[in-house]
Amino acid sequence: MSTIKIRAKESNGVVTVKALMKHPMETGKRKDKKTGDNIPAHFIQEISGKANGSEVIVVHWGPAVSKNPYLTFAYNGSKGDKVELTWRDNKGNQDSKSVEVK
Amino acid sequence: MNRRNFLKKSFLTAAVLATTTSLLVTPKKTFAAWPKKSFDITDLGESIKSVYGHNDTTETTKVKLKAPDIAENGAIVPINIKTSLKNVESIMLFIENNPQPLSSGYNLTSKAVPSIGTRVKMGKTSNVIAAVKSDGKVYTASKEVKVTIGGCGG
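In order, the protein sequences belong to chains F and H.
Going by the working numbering, the first sequence runs without a break in its numbering and finishes at 102.
Going by the working numbering, the second sequence runs without a break in its numbering and finishes at 154.
Be careful, since some hints might not be right.
[As the list claims (entries may be wrong)] Short derived list, chain H residues pointing at chain F, Cβ under 10 Å:
| hint | residue |
| --- | --- |
| 1 | Asn98 |
| 2 | Ser103 |
| 3 | Ala112 |
| 4 | Val138 |
[Unchecked claim] The following residues of chain H were derived to be distant from chain F, with all beta-carbon distances above 12 Å:
| hint | residue |
| --- | --- |
| 5 | Asp56 |
| 6 | Ser134 |
| 7 | Glu144 |
Simulated from the structure, these hints should not be mistaken for laboratory data.
The C-beta atom is built at its ideal place from N, Cα and C for all residues, glycine as well.
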């Protein structure tokens with residue numbers, strides 16, 4: 001199962017991309033209530049958004065972005081474009097998903 | 001030319017060639033790696049300085065920052081930033097009273113439309129600052145968001 005839900009819609013030459021990712025976005029400051037140990041930081045650091053293979057946006061996130069993060073961005077494009085989103089976290093995990101612009 | 005010198009020279013030439021080629025094949029526009037230093041800074045002024053290299057920012061109504069007046073849940077505060085400024089290189093979002101003010105950064109290519117949205121965590125009531133870099137200058141808009149339940153505790 002992909003960790004990404006993504007939708008891209010064109011209107012007046014502008015494509016709006018909305019994405020939801022499944023990720024804990026741990027800050028590293030929270031404590032485990034049972035053991036009192038720090039929960040290690042685990043968050044998405046970088047997201048790249050591409051349209052038809054060329055980069056549109058590169059996002060850098062810190063731990064202050066909410067759990068199961070949401071991102072929206074826009075670019076000048078058209079229906080049928082292939083939008084691809086890739087995230088990478090501080091542990092080196094990554095996932096990507098692409099969608100056709102409607 | 002003896003063998004030793006020849007080898008030395010060919011190594012040097014190879015090294016020089018390698019450097020020049022790597023410079024040549026670098027794409028036109030590359031974005032810096034994840035700026036750990038900027039994300040670690042705990043003071044707003046220092047944080048802005050580490051991102052841009054200076055603190056010279058101009059407040060403008062051309063940057064639109066949409067955030068709630070009161071966030072009931074500090075764990076999910078929706079933020080939208082857009083601007084009518086042209087040639088936008090990046091959009092940065094700072095939250096003054098968070099442990100580290102820099103929350104996120106958005107590097108845009110010329111294809112992108114300068115309009116982004118996300119959801120952030122806020123520990124307590126704070127000024128939220130949207131900074132837009134356009135034509136090499138930094139423009140900001142800010143808004144105070146009141147937080148009733150913080151989002152950084154466990």
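Here's how the hints hold up against the structure:
| no. | hint | result |
| --- | --- | --- |
| 1 | Asn98 | 5 Å, holds |
| 2 | Ser103 | 4 Å, holds |
| 3 | Ala112 | 5 Å, holds |
| 4 | Val138 | 17 Å, violated |
| 5 | Asp56 | 22 Å, holds |
| 6 | Ser134 | 16 Å, holds |
| 7 | Glu144 | 17 Å, holds |
Violation of the numbered hints given earlier is confined to hint 4; every other hint is satisfied by the structure.
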